[in-house]
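Enquirer: The lines below spell out each chain.
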Amino acid sequence: MTVQILLLVGLVLFSVAAVLLKDLIKAAISLALASLLLGILFFRLGAPYAGAFEISVVAGLITVLFMLTIALTKTGGDVAESKLLTVAFPFFFAVFLAIDVLVTRSLVLKIAALPAAPEAGAFGEVLWKQRTLDLVGQVCIIFAGVLAVLALFRKRSKDNDD
Amino acid sequence: MTSTWTPYLLAAAILLFTGIYCLLAMRNLIKLFIGVEIISKSVSLIIVATGFAKKSILVAQSLVVTFIVVEVSLVATALAIIINLYRHTKSLDIRRLSKLKG
Numbered sequence: 001m002t003v004q005i006l007l008l009v010g011l012v013l014f015s016v017a018a019v020l021l022k023d024l025i026k027a028a029i030s031l032a033l034a035s036l037l038l039g040i041l042f043f044r045l046g047a048p049y050a051g052a053f054e055i056s057v058v059a060g061l062i063t064v065l066f067m068l069t070i071a072l073t074k075t076g077g078d079v080a081e082s083k084l085l086t087v088a089f090p091f092f093f094a095v096f097l098a099i100d101v102l103v104t105r106s107l108v109l110k111i112a113a114l115p116a117a118p119e120a121g122a123f124g125e126v127l128w129k130q131r132t133l134d135l136v137g138q139v140c141i142i143f144a145g146v147l148a149v150l151a152l153f154r155k156r157s158k159d160n161d162d
Numbered sequence: 163m164t165s166t167w168t169p170y171l172l173a174a175a176i177l178l179f180t181g182i183y184c185l186l187a188m189r190n191l192i193k194l195f196i197g198v199e200i201i202s203k204s205v206s207l208i209i210v211a212t213g214f215a216k217k218s219i220l221v222a223q224s225l226v227v228t229f230i231v232v233e234v235s236l237v238a239t240a241l242a243i244i245i246n247l248y249r250h251t252k253s254l255d256i257r258r259l260s261k262l263k264g
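Each protein sequence line maps, in turn, to chains A and B. Counting from 1, position 83 in the first sequence corresponds to residue 83 in my numbering; the numbering is continuous, with no gaps. Going from the second sequence to my numbering is simple: count from 1 and add 162.
It is worth saying that the hints were derived from the structure and are not from the lab. This structure is a prediction, so every number in the text was calculated from the model and none was measured. Any given hint could be a false lead.
[Unchecked claim] Derived, one-sided and incomplete: chain A residues facing chain B with beta-carbon distance under 10 Å:
1. 28
2. 40
3. 41
4. 92
[Unchecked claim] Straight-line distance between alpha carbons at most 27 Å, and here's what the computed BS3-like set of lysine-lysine pairs gives:
5. 22/A to 83/A
6. 155/A to 252/B
7. 217/B to 26/A
Note that the Cβ used here is the ideal one computed from N, Cα and C, for glycine as well.
Hey, can you work out the whole structure from these sequences and the hints?
Expert: Right under this line is the structure:
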């Protein structure tokens, strides 16, 4: 449990760093490290497939996409953020943390958990047999994403170019 | 269930708060998207943690795998939109996106 709590603390710290760091590349790397810790946490919780997906896709592919976007938008990347809101973040964070702890202790722990049927079988059986509709949705969303990216990056004809 | 679940619940709530704060306070489009990513991490963490606590990790795992695939599609589309917006406005500042303002 100690390792899990350390991983959770690291995950929160790297996520906060990703928000507060001014340099976008450092923020993207911080986000990737947070994903890496989340992936390790998934392995520790007995979800190796989710962990592998998290590390390879979110920490790897999405970081590469972020880096590419930051490189392509380098000259306009300097946006003046509101200093007041950045400075006030630790205050709001502490207030939220206090409320979070109080609500969890007083309300959530008193709510009885709903009964769940014990599950059996392997991950593949659950994914391919029980969650088939999810897979159909995934395929549709991937196609929609591909079409959206193609539409956004299509070459404009000379008549429409202004 | 609750004692093993509590730290994950707390951490997921903090991540959700951080992401929403980022969405509300930041002005850089890429920073805003980092906020969205943090919120999605919070959601996947709470799904797996709940599956672990309720001994139904397989369903939770398959849901998270689906969620990650959807997330990648979302990221690709959103970053393409950000690049297109940058080409139009030469800036990543959301305050300059006022063309559609009523």
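Enquirer: Please write out, lowest number first, the hints stated earlier that are contradicted by the structure.
Expert: Those not satisfied are hints 2 and 7.
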